[in-house]
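Chemist: Please take these sequences and the hints and turn them into a complete structure.
Here's the letter readout for the chains.
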Amino acid sequence: MSNRATNLLVPIVSVILGLLVGAVIMLASGYNPLEGYAALWNGIFGDMYTIGETIRQITPYLLAGLAVAFAFRSGLFNIGVEGQLIVGWFAAAYVGVAVELPKIIHLPLAIIAAAVAGALWGFVPGLLKAKFHVHEVIVTIMMNYIALHVTNALIRTVSDGGDRTESIFASASLRSEFLENLTEFSRLHLGIVIALLMVGVMWFILEKTTLGFELKAVGFNQNASQYAGMNVNKNIILAMVISGAFAGLGGAMEALGTFEYVSSKGGFTGIGFDGIAVALLGMNTPLGVIFGATLFGSLKYGALNMPNAAGIPIEIVEIVIAVIIFFVASGYIIRLLLLRASAKKKEAK
Amino acid sequence: MSFLDVLYFIIPSAIFYAAPLILVAIGGVFSERSGVVNIGLEGLMVIGAFVGILFNLLFADTFGAATPWISLIAAMVAALLLSLLHAVASISFRADQVVSGVAINLLAVALSLYLVKRIFDKGQTDFITERFSRYNVPFLSDIPVIGPLFFTSVYNTSFFAIGVAFVAWFIIYKTPFGLRLRAVGEHPMAADTMGINVAKMRYVAVMISGALAGIGGAIYAQTITNDFGHATINGQGFMALAAMIFGKWHPLGAMGAALFFGFAQSLSIVGSSIPIIQEIPNVFLLILPYVLTIFALAGFIGRANAPLANGKPYIKGQR
Numbered sequence: 001m002s003n004r005a006t007n008l009l010v011p012i013v014s015v016i017l018g019l020l021v022g023a024v025i026m027l028a029s030g031y032n033p034l035e036g037y038a039a040l041w042n043g044i045f046g047d048m049y050t051i052g053e054t055i056r057q058i059t060p061y062l063l064a065g066l067a068v069a070f071a072f073r074s075g076l077f078n079i080g081v082e083g084q085l086i087v088g089w090f091a092a093a094y095v096g097v098a099v100e101l102p103k104i105i106h107l108p109l110a111i112i113a114a115a116v117a118g119a120l121w122g123f124v125p126g127l128l129k130a131k132f133h134v135h136e137v138i139v140t141i142m143m144n145y146i147a148l149h150v151t152n153a154l155i156r157t158v159s160d161g162g163d164r165t166e167s168i169f170a171s172a173s174l175r176s177e178f179l180e181n182l183t184e185f186s187r188l189h190l191g192i193v194i195a196l197l198m199v200g201v202m203w204f205i206l207e208k209t210t211l212g213f214e215l216k217a218v219g220f221n222q223n224a225s226q227y228a229g230m231n232v233n234k235n236i237i238l239a240m241v242i243s244g245a246f247a248g249l250g251g252a253m254e255a256l257g258t259f260e261y262v263s264s265k266g267g268f269t270g271i272g273f274d275g276i277a278v279a280l281l282g283m284n285t286p287l288g289v290i291f292g293a294t295l296f297g298s299l300k301y302g303a304l305n306m307p308n309a310a311g312i313p314i315e316i317v318e319i320v321i322a323v324i325i326f327f328v329a330s331g332y333i334i335r336l337l338l339l340r341a342s343a344k345k346k347e348a349k
Numbered sequence: 001m002s003f004l005d006v007l008y009f010i011i012p013s014a015i016f017y018a019a020p021l022i023l024v025a026i027g028g029v030f031s032e033r034s035g036v037v038n039i040g041l042e043g044l045m046v047i048g049a050f051v052g053i054l055f056n057l058l059f060a061d062t063f064g065a066a067t068p069w070i071s072l073i074a075a076m077v078a079a080l081l082l083s084l085l086h087a088v089a090s091i092s093f094r095a096d097q098v099v100s101g102v103a104i105n106l107l108a109v110a111l112s113l114y115l116v117k118r119i120f121d122k123g124q125t126d127f128i129t130e131r132f133s134r135y136n137v138p139f140l141s142d143i144p145v146i147g148p149l150f151f152t153s154v155y156n157t158s159f160f161a162i163g164v165a166f167v168a169w170f171i172i173y174k175t176p177f178g179l180r181l182r183a184v185g186e187h188p189m190a191a192d193t194m195g196i197n198v199a200k201m202r203y204v205a206v207m208i209s210g211a212l213a214g215i216g217g218a219i220y221a222q223t224i225t226n227d228f229g230h231a232t233i234n235g236q237g238f239m240a241l242a243a244m245i246f247g248k249w250h251p252l253g254a255m256g257a258a259l260f261f262g263f264a265q266s267l268s269i270v271g272s273s274i275p276i277i278q279e280i281p282n283v284f285l286l287i288l289p290y291v292l293t294i295f296a297l298a299g300f301i302g303r304a305n306a307p308l309a310n311g312k313p314y315i316k317g318q319r
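Top line first, the protein sequences correspond to chains A and B.
For the first sequence, the positions run 1 to 349 when full-length UniProt numbering is used.
For the second sequence, the positions run 1 to 319 when full-length UniProt numbering is used.
Check the hints yourself; a few may be wrong.
[Unchecked claim] Residues of chain A placed beyond 12 Å of chain B at every Cβ, according to the derived structure:
| no. | residue |
| --- | --- |
| 1 | Ser-159 |
| 2 | Leu-206 |
| 3 | Tyr-227 |
| 4 | Asn-231 |
| 5 | Lys-344 |
[What the hints assert, rightly or not] Label-pair restraints from in silico Cβ distances:
| no. | chain 1 | residue 1 | chain 2 | residue 2 | range |
| --- | --- | --- | --- | --- | --- |
| 6 | A | Gly-267 | B | Arg-134 | 26 to 32 Å |
| 7 | A | Ile-333 | B | Gly-147 | 53 to 59 Å |
| 8 | A | Pro-307 | B | Asn-156 | 36 to 42 Å |
| 9 | A | Asn-7 | B | Lys-200 | 27 to 33 Å |
| 10 | B | Lys-122 | A | Gly-267 | 14 to 20 Å |
| 11 | A | Arg-340 | B | Lys-200 | 22 to 28 Å |
| 12 | B | His-187 | A | Gly-267 | 37 to 43 Å |
| 13 | B | Asn-156 | A | Leu-197 | 56 to 62 Å |
| 14 | A | Thr-157 | B | Ile-171 | 47 to 53 Å |
| 15 | B | His-187 | A | Gly-30 | 49 to 55 Å |
| 16 | A | Ile-12 | B | His-230 | 30 to 36 Å |
The set of hints was computed from the structure by calculation and includes no laboratory data.
The beta carbon of each residue, even a glycine, is placed where N, CA and C say it ideally should be.
Modeler: Following this line, the structure appears as structure tokens:
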């Protein structure tokens with residue numbers, strides 16, 4: 001079996017194994033897995049409304065996945081997507097509430113504000129990595145908590161002690177009547193267009209620009225890149241800034257499309273962490289991210305139907321996602337097993 | 001309120017908040033000293049908290065006042081089993097240890113909430129009836145100044161946590177086992193050449209970290225929240241991770257850092273009734289541990305160097 005084929009098989013095998021483990025757990029705790037997965041299926045594709053909501057759920061996952069994948073390609077592990085997304089969410093909502101401008105200016109302004117906020121949150125770990133060789137994983141985890149507490153405090157200040165901002169002005173909203181009518185008034189918004197556009201942007205940067213070439217080179221081998229005359233530090237910072245901007249845009253989707261406000265949070269949204277799963281499953285390629293985001297976004301939204309339709313707690317889907325991540329991470333063993341299996345086939349011939 | 005009164009108020013509550021952090025941070029020290037990054041501490045704490053509370057609720061009638069302590073053992077075993085998953089992935093399957101840790105975190109929260117809903121048919125458990133209780137240490141609490149600071153209305157678990165820190169220091173720095181543990185984390189190939197079983201050492205280290213994180217989670221749940229729900233453990237595992245780094249991967253350093261973070265946490269909670277501190281916006285106290293960790297890593301507060309082979313799977317024969 002060719003290397004490429006095994007690489008493609010690892011995520012697929014992982015997804016199947018994840019769903020199997022989920023079925024076993026449902027069975028062991030006295031639920032019917034067939035009913036459970038049927039409820040999940042209906043929760044994703046039941047009618048136009050659920051399809052619209054599923055696509056809405058996929059939107060931020062696309063951007064979170066892009067953010068993680070982009071950093072990965074430059075050899076960086078951005079666990080801080082969650083925090084960057086939260087500050088982006090706040091920035092977009094703040095711009096949406098604070099001023100009223102013509103839509104043609106207001107909407108782009110709010111979106112850019114989110115991207116800049118996320119980029120800034122990514123800049124800090126990037127700078128520390130480049131200048132002080134501090135591992136980005138720990139810094140980004142810490143930045144997540146700082147983002148959570150700081151935005152909560154800011155929301156309280158902006159809303160005079162309340163726990164959510166006003167709803168944004170219509171001129172900053174991503175909602176579209178056309179999409180709502182098409183999907184029986186789901187909250188599907190134009191963000192999906194932006195997210196897909198960004199998939200193209202990531203592909204373009206990585207494959208068609210000198211910057212992308214350098215970023216990938218730094219990801220493969222920092223010393224060789226340095227020797228070839230590339231500015232490794234600059235590339236590390238840039239990678240984190242661009243990754244943070246993608247994550248910030250993910251926050252804008254929630255602020256300007258789904259919720260149209262920002263409320264203070266007791267814990268994380270989880271979108272940023274799921275972004276890690278999306279990127280891993282998609283092997284850190286732009287196209288793969290579409291696949292990963294579609295799968296996880298659908299699972300997440302579809303799970304909401306499981307308690308009503310089959311009486312199964314929605315957490316079963318989280319378990320499935322965790323197991324999938326676990327198996328994708330352990331790709332080495334799956335590859336080994338696949339190789340053994342194909343070797344045996346050859347012997348048999 | 002005089003200065004001493006303020007101290008009498010804050011110090012006991014700081015130690016109270018620090019106890020679980022100390023245990024979990026020490027667990028992190030064991031794992032990372034052997035070369036396995038353990039981001040899954042948060043998840044291991046969650047499982048510990050869940051199993052601790054569940055066991056407590058189920059067996060409170062059987063064991064009476066001893067229930068919380070026996071629950072700790074149950075929590076320890078459960079978290080140890082979950083940490084095995086991380087060990088298998090990161091040591092035998094050569095998985096990315098950070099990713100495997102993220103999976104552990106997701107899995108722990110999902111699995112425990114799933115079981116809570118299955119068993120209790122609601123989002124959180126009932127409140128436990130048998131809990132750790134405060135007491136005054138006889139004689140010692142009568143000592144002026146020190147008595148009210150450290151020995152009045154304390155939990156036994158706090159002494160336990162501090163004791164574990166010293167035992168961990170002894171094990172890691174004064175025993176052959178500790179020497180091997182550190183060798184495996186710094187230079188696994190050299191250790192392997194000297195006949196140390198790298199994989200076995202790392203398995204043991206990860207299991208110790210799981211056990212301690214489980215106990216830490218169960219102590220947190222049985223002293224602070226007294227029930228289990230989705231927000232019971234909310235970042236304490238990551239704060240313990242921060243304490244471990246701030247303490248420079250040293251058991252006593254980690255204990256010191258955990259005490260300091262406990263201090264910051266208690267300030268952010270009880271600070272509103274203390275003059276001067278009232279004036280500081282709460283958010284600064286909340287983010288203090290995280291900001292300090294970043295500063296520590298950036299070398300503003302002395303250099304913090306991770307064990308050399310931390311996070312790298314050991315593959316025999318590979319240079």
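Chemist: Decide, hint by hint, whether the structure agrees.
Modeler: Consistency of the hints with the structure:
{"no.": "1", "hint": "Ser-159", "in the structure": "holds (15 Å)"}
{"no.": "2", "hint": "Leu-206", "in the structure": "holds (21 Å)"}
{"no.": "3", "hint": "Tyr-227", "in the structure": "holds (20 Å)"}
{"no.": "4", "hint": "Asn-231", "in the structure": "holds (21 Å)"}
{"no.": "5", "hint": "Lys-344", "in the structure": "holds (21 Å)"}
{"no.": "6", "hint": "A/Gly-267 to B/Arg-134: 26 to 32 Å", "in the structure": "holds (29 Å)"}
{"no.": "7", "hint": "A/Ile-333 to B/Gly-147: 53 to 59 Å", "in the structure": "holds (57 Å)"}
{"no.": "8", "hint": "A/Pro-307 to B/Asn-156: 36 to 42 Å", "in the structure": "holds (41 Å)"}
{"no.": "9", "hint": "A/Asn-7 to B/Lys-200: 27 to 33 Å", "in the structure": "holds (32 Å)"}
{"no.": "10", "hint": "B/Lys-122 to A/Gly-267: 14 to 20 Å", "in the structure": "holds (19 Å)"}
{"no.": "11", "hint": "A/Arg-340 to B/Lys-200: 22 to 28 Å", "in the structure": "holds (25 Å)"}
{"no.": "12", "hint": "B/His-187 to A/Gly-267: 37 to 43 Å", "in the structure": "holds (39 Å)"}
{"no.": "13", "hint": "B/Asn-156 to A/Leu-197: 56 to 62 Å", "in the structure": "holds (59 Å)"}
{"no.": "14", "hint": "A/Thr-157 to B/Ile-171: 47 to 53 Å", "in the structure": "holds (48 Å)"}
{"no.": "15", "hint": "B/His-187 to A/Gly-30: 49 to 55 Å", "in the structure": "holds (50 Å)"}
{"no.": "16", "hint": "A/Ile-12 to B/His-230: 30 to 36 Å", "in the structure": "holds (31 Å)"}
In this structure, every one of the numbered hints holds.
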